[in-house]
Structure formats: C-alpha cells, structure tokens
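Undergrad: Next come the chains, spelled out residue by residue.
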Amino acid sequence: ELKVEQNPLFLSMQEGKNYTIYCNYSTTSDRLYWYRQDPGKSLESLFVLLSNGAVKQEGRLMASLDTKARLSTLHITAAVHDLSATYFCAVDDIGGTYKYIFGTGTRLKVLA
Amino acid sequence: DVKVTQSSRYLVKRTGEKVFLECVQDMDHENMFWYRQDPGLGLRLIYFSYDVKMKEKGDIPEGYSVSREKKERFSLILESASTNQTSMYLCTSTSSYEQYFGPGTRLTVT
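As given, the protein sequences belong to chains A and B, one line each in that order.
All you need for the numbering used here is the position in the first sequence, starting with 1, plus 52.
All you need for the numbering used here is the position in the second sequence, starting with 1, plus 1205.
Rather than coming from a laboratory, the hints here were simulated on the basis of the structure.
For every residue, glycine included, the Cβ atom is placed at its ideal position computed from N, Cα and C.
Certain hints may be false.
As the list claims (entries may be wrong) - Calculated cross-link-like contacts (lysine-lysine; reagent style DSSO-like; alpha-carbon spacing at most 30 Å):
id : chain 1 : residue 1 : chain 2 : residue 2
1  : A       : Lys-55    : A       : Lys-120
2  : B       : Lys-1208  : B       : Lys-1276
3  : A       : Lys-108   : B       : Lys-1260
4  : A       : Lys-120   : B       : Lys-1223
5  : A       : Lys-69    : B       : Lys-1223
6  : A       : Lys-93    : B       : Lys-1223
7  : A       : Lys-55    : B       : Lys-1223
8  : B       : Lys-1260  : A       : Lys-93
9  : A       : Lys-108   : B       : Lys-1258
10 : B       : Lys-1262  : A       : Lys-93
11 : A       : Lys-55    : A       : Lys-108
12 : B       : Lys-1275  : A       : Lys-108
13 : A       : Lys-93    : A       : Lys-120
Claimed, not checked - Residues of chain B placed beyond 12 Å of chain A at every Cβ, according to the derived structure:
id : residue
14 : Gln-1211
15 : Ser-1212
16 : Phe-1225
17 : Asp-1233
18 : Lys-1276
19 : Thr-1299
20 : Thr-1310
21 : Arg-1311
22 : Val-1314
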C-alpha cells in the first residue's frame, strides 16, 4: 500500500527562524507535489517536483526531491506570520491512474 | 487562467435528502476527482473519472455515486445524506503534471 508520511504534524515556530518539513513516501514515483491550505479554504499548488534532485524555490519556501531516498523536504527560511497554514505533500500513484496520495499535512503556526 | 469551480461553497441539507455537488473545469482535462477532507483524516478519495461516462471507485465510495456526462463536468451524488457525510468536499482536475483544486464545498448534514 502506498503511504505518504509527513513530519512534523504540527509546527510552531518564531518569526525569523528556519525549519524543514519532511515528506517520506513508499512508492518509486519520481513526481512529488506540495500544497498549501489556509483555514476553511481549498488547496493551492506550491511546487511540482518532477525528477530526482529537483529543487524549486518561491520566496521563503524551497522544496527538494530525492527519489532514491523517497524523501522530499520543504524548507522555510526566516519564517513570517503569513506562512502560517497547513502544508501537504502528495505523490502520484505510478500505476498510471493519475491518482494522488496525500500526506497527513503539517500545520504550521508562525508566532510573531 | 486555469479554473475549477464548484457549485456551492456552503451547503446545509437534512438527513435523507439527495444531494448533488457539481464540479466544472475549463481546461479540457480528462481526469477529475472527488475528495473529502476531515480533521485528522486528511484527504480521502471518493471517486474519480478518466473520461466521459467513465468512473472508478476511490478509497471511500460507500454512500456516494458520480456522474460524468460531459467532459467538463463531474458530479458527486449523495443518494441519501447522512450526518457522517458532513465534510469539506474538494473536486480536482488533473493534467499530466499537475492537479488543480476547486474552492471546496463545505456540506453540513443535519
């Protein structure tokens, strides 16, 4: 059974600090996706990582993918309050069905 | 601009009612999905569709059905709504490389 695990599940951090969210998965997929969700809202696409070694950055967020380790990281640099949200990673079901398997989410709270 | 729309943002229905949730995409995608999201349970796949008139069960199809008569529209049907179907429902449409989410429908069954 394909599993996607995120840690930590909850993260409270001070503004200005750095931190990393981890996403481990059990399939051999080489595609991984990161999403952001604000309370009461839908999911918004942040990053699409399509190959081993892929690294993408947007503002204070940087995502990377290591398909050999089956690990993706979402690194937060100098956190600000506006980054408070829940972050999900997701992996393709490589059976070619275009099904996505989501992690449990990491709820991030940045304290001013 | 890519768009997935859902018919209602908020919906309140009574137990036993038949409920229709509509999802429309304007990207000519073949693949569309319905998820529900509940606290502590993450996103769970209800049904998905690869093409018009085609449907596949996801992980939790019980109590739901779907309809896809046109490529752009994927409907989720609750045949007889129950209180345990109170949830946030999310529709998505996918290309080869990306999944686009609708705004979600928060359904409350009383």
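Undergrad: Now tell me, hint by hint, if it's right for this structure.
TA: Checked hints:
no.: 1; hint: Lys-55/A x Lys-120/A; verdict: 16 Å, holds
no.: 2; hint: Lys-1208/B x Lys-1276/B; verdict: 14 Å, holds
no.: 3; hint: Lys-108/A x Lys-1260/B; verdict: 34 Å, violated
no.: 4; hint: Lys-120/A x Lys-1223/B; verdict: 47 Å, violated
no.: 5; hint: Lys-69/A x Lys-1223/B; verdict: 50 Å, violated
no.: 6; hint: Lys-93/A x Lys-1223/B; verdict: 25 Å, holds
no.: 7; hint: Lys-55/A x Lys-1223/B; verdict: 34 Å, violated
no.: 8; hint: Lys-1260/B x Lys-93/A; verdict: 27 Å, holds
no.: 9; hint: Lys-108/A x Lys-1258/B; verdict: 38 Å, violated
no.: 10; hint: Lys-1262/B x Lys-93/A; verdict: 25 Å, holds
no.: 11; hint: Lys-55/A x Lys-108/A; verdict: 23 Å, holds
no.: 12; hint: Lys-1275/B x Lys-108/A; verdict: 36 Å, violated
no.: 13; hint: Lys-93/A x Lys-120/A; verdict: 34 Å, violated
no.: 14; hint: Gln-1211; verdict: 9 Å, violated
no.: 15; hint: Ser-1212; verdict: 14 Å, holds
no.: 16; hint: Phe-1225; verdict: 19 Å, holds
no.: 17; hint: Asp-1233; verdict: 15 Å, holds
no.: 18; hint: Lys-1276; verdict: 15 Å, holds
no.: 19; hint: Thr-1299; verdict: 5 Å, violated
no.: 20; hint: Thr-1310; verdict: 10 Å, violated
no.: 21; hint: Arg-1311; verdict: 8 Å, violated
no.: 22; hint: Val-1314; verdict: 18 Å, holds
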